[in-house]
Amino acid sequence: AQTVTQSQPEMSVQEAETVTLSCTYDTSESDYYLFWYKQPPSRQMILVIRQEAYKQQNATENRFSVNFQKAAKSFSLKISDSQLGDAAMYFCASNQGGSEKLVFGKGTKLTVNP
Amino acid sequence: DAGVIQSPRHEVTEMGQEVTLRCKPISGHNSLFWYRQTMMRGLELLIYFNNNVPIDDSGMPEDRFSAKMPNASFSTLKIQPSEPRDSAVYFCASSLREGTYEQYFGPGTRLTVT
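Protein sequences, first through last, are from chains A and B.
Mapping of the first sequence onto this note's numbering: position 28 corresponds to residue 28, and the numbering continues sequentially without gaps.
For any residue, its number in this note's numbering is found by taking its place in the second sequence, counting from 1, and adding 114.
Some hints could be false.
Using 30 angstroms as the maximum straight-line C-alpha spacing, the simulated DSS-like pairs for lysine-lysine come out as follows [unchecked claim]:
1. Lys-106/A to Lys-55/A
2. Lys-192/B to Lys-106/A
3. Lys-73/A to Lys-109/A
4. Lys-182/B to Lys-106/A
5. Lys-109/A to Lys-78/A
6. Lys-138/B to Lys-106/A
7. Lys-55/A to Lys-70/A
8. Lys-73/A to Lys-55/A
A short, non-exhaustive set of chain B residues, derived as facing chain A with CB atoms under 10 angstroms [stated by the list, open to error]:
9. Leu-157
10. Leu-159
11. Ser-201
12. Val-203
13. Thr-214
14. Gln-217
15. Phe-219
Since the hints were derived computationally from the structure, they do not count as laboratory data.
No residue lacks a Cβ here, since even glycine has one placed at the ideal position from N, Cα and C.
With the hints as constraints, model all of the structure from the sequences given.
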């Protein structure tokens with residue numbers, strides 16, 4: 001079965017600094033999608049960024065960017081100029097076996113210190 | 115767009131009672147997913163539908179759980195009879211299957227079974 005691993009249960013960052021959250025995955029597919037979701041204390045799951053595996057260019061959304069290393073099956077999220085509102089659980093996910101099913105990692109809890 | 119709508123937002127019930135959770139997907143989306151989130155098990159996919167047809171219900175924990183999607187704009191997840199171990203946050207998400215598999219989540223229903 002496909003797996004998504006987030007090895008950092010918790011991370012912290014100072015406001016205005018940069019933090020990188022790690023994610024690795026295991027798949028036998030050549031084409032797939034990768035996602036980062038944010039879950040703040042309100043518990044709403046919010047899509048942060050998406051990466052298509054066939055695209056070599058790393059996705060960017062404002063202060064959020066990814067470092068996608070297909071050969072290493074690594075998909076890290078970089079948050080620049082961290083803000084207090086970035087404090088949340090962050091989940092990495094990938095679609096499974098070419099289907100619509102998403103497999104989620106266990107999450108990383110990000111704390112932003114003022 | 116109103117996003118995915120779930121009701122109720124909170125539900126407290128006694129063991130043995132029937133519980134029905136409701137979901138309205140984003141208009142135009144043709145896939146709908148039900149998830150359960152707990153501290154112990156993380157985010158689990160229970161069942162998903164495409165064009166109102168159940169595609170994969172392998173995540174449904176047992177016969178006490180059932181889900182229906184009578185039309186493109188409404189789905190229910192029913193638990194009968196409920197047990198304390200069913201206490202969790204239940205999310206509904208929708209997506210456009212012909213798109214990039216990104217799922218949009220509702221605000222969730224926090225279920226407490228006493």
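Do the hints match the structure? See the list:
no., hint, result
1, Lys-106/A to Lys-55/A, "holds, 26 angstroms"
2, Lys-192/B to Lys-106/A, "holds, 26 angstroms"
3, Lys-73/A to Lys-109/A, "holds, 22 angstroms"
4, Lys-182/B to Lys-106/A, "holds, 28 angstroms"
5, Lys-109/A to Lys-78/A, "holds, 14 angstroms"
6, Lys-138/B to Lys-106/A, "holds, 27 angstroms"
7, Lys-55/A to Lys-70/A, "holds, 10 angstroms"
8, Lys-73/A to Lys-55/A, "holds, 14 angstroms"
9, Leu-157, "holds, 5 angstroms"
10, Leu-159, "holds, 6 angstroms"
11, Ser-201, "violated, 14 angstroms"
12, Val-203, "holds, 6 angstroms"
13, Thr-214, "holds, 6 angstroms"
14, Gln-217, "holds, 6 angstroms"
15, Phe-219, "holds, 4 angstroms"
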